[in-house]
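Everything in the sequence shown is counted per my numbering, starting at 8 for the first residue and increasing by one.
In case anyone wonders, no lab produced these hints; they're calculated from the structure. This structure is a prediction, so every number in the text was calculated from the model and none was measured. Some hints here could point you the wrong way.
[Claimed, not checked] Straight-line Cα separation of at most 20 Å, SDA-like style, residue types lysine to any residue; simulated pairs:
{"id": "1", "residue 1": "391", "residue 2": "219"}
{"id": "2", "residue 1": "391", "residue 2": "306"}
{"id": "3", "residue 1": "391", "residue 2": "231"}
{"id": "4", "residue 1": "391", "residue 2": "212"}
[Said to hold, decoys possible] Have a look at the derived ranges for each label pair, beta carbon to beta carbon:
{"id": "5", "residue 1": "292", "residue 2": "131", "range": "39 to 47 Å"}
{"id": "6", "residue 1": "37", "residue 2": "368", "range": "39 to 47 Å"}
{"id": "7", "residue 1": "170", "residue 2": "103", "range": "22 to 30 Å"}
{"id": "8", "residue 1": "352", "residue 2": "166", "range": "33 to 41 Å"}
{"id": "9", "residue 1": "262", "residue 2": "37", "range": "42 to 50 Å"}
{"id": "10", "residue 1": "353", "residue 2": "99", "range": "48 to 56 Å"}
{"id": "11", "residue 1": "219", "residue 2": "246", "range": "30 to 38 Å"}
{"id": "12", "residue 1": "175", "residue 2": "353", "range": "23 to 31 Å"}
{"id": "13", "residue 1": "224", "residue 2": "133", "range": "53 to 61 Å"}
{"id": "14", "residue 1": "57", "residue 2": "278", "range": "41 to 49 Å"}
{"id": "15", "residue 1": "67", "residue 2": "298", "range": "19 to 27 Å"}
{"id": "16", "residue 1": "287", "residue 2": "89", "range": "32 to 40 Å"}
{"id": "17", "residue 1": "68", "residue 2": "370", "range": "35 to 43 Å"}
Even for Gly, the Cβ is constructed at its ideal location relative to N, Cα and C.
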Amino acid sequence: MRLLYLHQHYSGPGGATATRAHAMARAMAARGHAVTLACGRYDGAVTGLAGPFEGGRREGRVAGFRVVEFDIPCGNGQALAARTGAFLRYAWRAGGLALAEEFDLVLASSTPLTVALPALAARRMRGVPYVFEIRDPWPELPRALSEARMPGGVPGPVLEGMERLATAACRGAAAVIALTEGMAETARARGASRVHVVPNGCDLDLFGPQVAPWRPEAAGSAEVLAVYAGAHGRANGLHAALEAATILRNAGERRLRLVLVGEGSERARLMAEAARRDLRNVTFLDPMPKTQVAALLSAAGIGLHLLAPVPAFAEWTAPNKLMDCLAAGLPVVTNAAGRAARLLEAGPDGPACGIAAPPGDVPALADALAALAGAPARRVAMGKAARGRAVRLWDRRLHAARFCEILEAAAGLAPLARAA
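Based on the sequences and whatever the hints tell you, model everything.
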């Protein structure tokens, strides 16, 4: 099969962003398919290509598949207008690629939602089927931000346009892949007929007890590190981390250091506020390659997963950072309800591997961090449970096999036994 994989924010393991697309493209290539992955230049991403751009693009082979990288910068730190321009430019260039070459299937991985445009064009003009992957449900998430009266919402006319595009993408797809059942429900509501859930998984080779630990210079040798590694945007709600750090500082808690790794539109404000409060128990680190994040998590005592208190986030998010912490064998403290909380609680899958504080309850978040900081044996037990779940349930290689089966069935190459 000749597969065109549209993923504007693609990165290989050398980058600081999610590597799901790398794993899935590599798995498809390993099954003998000719994979072309088309991406842009995303902040923190490392495609593995070198050399100059010619005509606004460069290409080469990475891990057994072809990568076409367009010279279109994009990142969370950009203003909405700049990011929108980058989304539309990528859709235009990717659409040209989809129509200029012969492909048997297109995989459009959103966000941004505009990756559906070249897939729809290839289907209409060339008769090429496509699979639509929902990694973040748009416009549901920006609408939820607007309804919660949080900054970062999208103007009404833009939401209306996104509504039409999302509905067209779901209805026209040969199959839809969603990362959570909550995302799958949004696709079904838009008329998708074949919907499958393939969740984010754990990279057990990159993260785990085999990784040599690394600690930042600011960390004392006896401090327990609680690490958040991910986007610093409005939806991430990292001001809760500063509030919790303030509570811990004022209570005389000296065993714990919060380490916030990444970039985004809120980072400068967060750093300024931490300095204003003189929070010496908080360290900010620039985005770093996943390999270094793995070393930092290996040295940490707690994984930190935070979201803004927006009810819709409970079932519509599937953060890579949570999977990374489980793979690293870390107990996780989260302030998210729903799916994230269920992943951590005790049950048929084993003992608890973290603590879920109620959304918006900063004192409870601080209490959870302090409780784990003062209980080394509990941290070890929860960390062991986390790694066990990662191995049994969330091994990305198992999910990649399912992912490949769905694509092959959509291209008419093999029957698919089950749908989730």
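Consistency of the hints with the structure:
1. With a C-alpha separation of about 17 Å, the suggested pairing of residue 391 with residue 219 holds against the 20 Å cut-off.
2. The hinted pair formed by residue 391 and residue 306 meets the criterion: a straight-line CA distance of about 15 Å does not exceed 20 Å.
3. Only pairs whose Cα atoms come within 20 Å are accepted, and residue 391 paired with residue 231 is accepted, the gap being roughly 17 Å.
4. Of the supplied pair hints, the one linking residue 391 and residue 212 holds, its CA atoms being roughly 16 Å apart against a limit of 20 Å.
5. With their beta carbons about 46 Å apart, residue 292 and residue 131 fall inside the hinted range of 39 to 47 Å.
6. Checked against the hint of 39 to 47 Å, the C-beta distance between residue 37 and residue 368 comes to roughly 45 Å, which is consistent with it.
7. The supplied range of 22 to 30 Å is met by residue 170 and residue 103, whose beta-carbon atoms lie about 26 Å from each other.
8. At roughly 34 Å, the beta carbons of residue 352 and residue 166 sit within the given window of 33 to 41 Å.
9. Look at residue 262 against residue 37: about 45 Å separates their beta carbons, and that is inside 42 to 50 Å.
10. For residue 353 paired with residue 99, a C-beta distance near 50 Å keeps the hint of 48 to 56 Å intact.
11. A beta carbon spacing of about 33 Å between residue 219 and residue 246 agrees with the range 30 to 38 Å that was offered as a hint.
12. A beta carbon spacing of about 43 Å between residue 175 and residue 353 contradicts the range 23 to 31 Å that was offered as a hint.
13. Checked against the given bound of 53 to 61 Å, the beta carbons of residue 224 and residue 133, roughly 55 Å apart, stay inside it.
14. Restraint check, residue 57 to residue 278: a C-beta distance of roughly 32 Å breaks the suggested window 41 to 49 Å.
15. Checking the proposed 19 to 27 Å range against residue 67 and residue 298 shows it holds: the Cβ atoms sit about 21 Å from each other.
16. The beta-carbon spacing between residue 287 and residue 89, approximately 35 Å, falls within the hinted interval of 32 to 40 Å.
17. The hinted window of 35 to 43 Å between residue 68 and residue 370 is violated, with their beta carbons roughly 52 Å apart.
In summary, the numbered hints that this structure violates are 12, 14 and 17.
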